[in-house]
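*Asks:* Starting from the known structure of chain Y, fit chain C onto it as the hints suggest.
As you go down the protein sequences, you meet chains Y and C in turn. All residue numbers for the first sequence refer to the working numbering, where the first residue is 1 and numbers rise by one. All residue numbers for the second sequence refer to the working numbering, where the first residue is 183 and numbers rise by one.
You may find that some hints are simply not true.
Here are the computed lysine to any residue pairs in the SDA-like style, where the Cα-Cα straight-line distance is at most 25 Å [stated by the list, open to error]:
1. 143/Y - 185/C
2. 343/C - 106/Y
3. 95/Y - 21/Y
These are computed hints drawn from the structure, not numbers from a lab. Quick caveat, the model's predicted, so the values are computed rather than measured.
Spelled out from the first residue to the last, the chains are:
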Amino acid sequence: MDLSLISILFVILAVISIFSALMLITRKNPVTSALYLILNFFTVSGIYLLLKAQFIAIIQVMVYMGAIMVLFLFVIMLLNLRDEKNLTESFSFKKLTSVLLSITFFVLIGTTFYFGFSNINPSRQGVEEKTVEIGKATFLGEKLFTEFAMPVLIAGILLLVAIIGAVVLAKKKFDPVSPDKE
Amino acid sequence: MQNLILYSLSNFIPETILVVTIIVCIIADLIIRKKSFAVTFVAIVGLVLSFVFVVKQWGLSMSIFSGMLAIDNYAVFFKLLFIISTLFILLFVETSKEMKTASHKNEHVYLILSLTTGAYLMASSVNLIMMYISLEMVSLTSYILAGYLKKDKRSTEAAIKYIIYGAASSGIMLYGMTLIYGYTATMNINEIFLYLSKNPITDTPVLLASVIMISAGFGYKISSVPFHFWTPDVYEGAPIPITAFLAVTSSAAGFSVLVRFFLVGFANTEIITAVKWQEVIIVFSIASMIIGNFVAVWQTSLKRLLAYSSIAQSGYILLGLAVVNSAGLFAVILYLSAYLFMNLGAFYVTILIHNKLGTDNMDEMDGLGYRSPFIGVTMAVFMFSLAGIPATVGFIGKFYIFSALINTNSPNLTWLAVVGLLNSVVSLFFYVKVLKHMFLNKPEKPLPELDYGYANILITLLLAVPTILFGLYFTPLLRLAENSIKIFGLN
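So that you can see chain Y by itself, here it is in the shape it has in the complex (with noise of 0.2 Å):
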């Protein structure tokens, strides 16, 4: 392993990246858990920044962490959520296998990767030729509106089905309007 900047970085990024995600599953007040999923994404849009995809980088900070993570603090503050108690007070055997079960997939993971991209294949070396057009806007919506058009398409009618049932769900009451109040 080559010891450049990039690599430092991103090794310093990862494990910010990580730490964070901890941080924010085991967090009592919902607040605490909000700003570390903010470090969460700021570390993320790092690591886009180190692959040279600096348009996403950007979105990355300007969506989530500009709009969505204050939508999030709105919703906490005005809930007025309390700390979540009893969390991690009980101790049981499903928790002890789940916790062992994770570990055992890490590592498994960890090894394939380890013995797994041992030598680098040519066409692997044509994607990271590609990711320095990557970085640009004009590249980005060249390729969405062109040979990703269709995935585009469907994302629109899956956020419309994610509205009608966000409706759905969080209506309250029938409308006074229907009669049939069966």
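*Replies:* Frame of chain Y; chain C shown alone:
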């Protein structure tokens, strides 16, 4: 490029019709503002129109939207299956008391349609991105539909469980997809196959890990063990018509994409010996059959019993995939078409029982066969078909699966057929247990007879008659299956 997209759109009419129908349904719902059959009627018209254009695609073989979707007989077969099942589900919803009392108007209609659209896309996607997005479309709609009865706590619980399992397994699947992309530098499964068959496969652990992780996403959709944990709770909590929809459409969509992924991307003797995905599928299928069948024996709720039964059924279908030749794929297609009629039928009879008794507990069904002979007899037909008794369509499906297993030589899979047969014996026990409750157990005090309207009887017959008819005269099904699998070019 512009012309290419326009050309692709002209071959995308069935899906476009469905999307337009969804929008028309939303607008109609906004105008009508109360529960009404009109919205369902619009949906049925849209489905029939889509049916016409799907049939027109029969015999075509092309890929559209720069290798995102494929149009071929295989996709057409699945689209027809989805249309038929969606039409039945819309009728089920209309006749189900549970859905009538839901505190919603007609939202379910366009949610059901969007699940069908997602299933269409799953059946025809040949690109990993497309597979993921269409799978998410089906999942997202299923979550909403599972939690549709907001007043019922179990329904909400079902939705929450479903969404947690769904998010976890699709996350794992995405990780597997990135591994494959990192290895082959392409997301189109045809190109993945070209790359894997032309280059020596060096990093088998990575490929095996990614294949297992991708199976987590698909296995969750078809509710195969070990990704089945959501199935009993969701099936029990969701309204019964929705349960039937998940059991048939969502599961068949999962199979369509799973089969295409493996048989297009990895169906080559060298790849199979290097990546060993065949063994993975065999393990999944044996585990599904054993857990599904043995746990079903202890169930007292009919819905939970059907949930475990569908876990076991997905095990049988996976056996057909594990053979990796055209006979196995042929059996998969046959089994899925059998599954459509018998499973929908079993669920519809459950709906009818639930409408009158208000429960799906089997202890309450003592003597039901005498209170309503029609219900008793049709339930017997569907149960025997699910168990695979001759003269029903379920037998044809099982017969072809086992004969494909016995006839293959490389490797010898006869032992697998024996495992499957032994499991069928166990399954017969719990399917007949339902009938024992209906006919042999006497209720404590005499109960009044149950009457069902003509509409209910007609819908039940529409499912029961094909179950028996295709069991006796199955040549049309064989023809359909034979033509559907030609594009795979297996031996």
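*Asks:* Confirm or reject each hint.
*Replies:* Hints versus structure:
1. 143/Y - 185/C: Given pair residue 143/Y, residue 185/C holds - Cα atoms ~16 Å apart, limit 25 Å.
2. 343/C - 106/Y: holds, 24 Å
3. 95/Y - 21/Y: Within the cut-off at roughly 19 Å; holds.
Going through the hint list in order, the structure satisfies each hint without exception.
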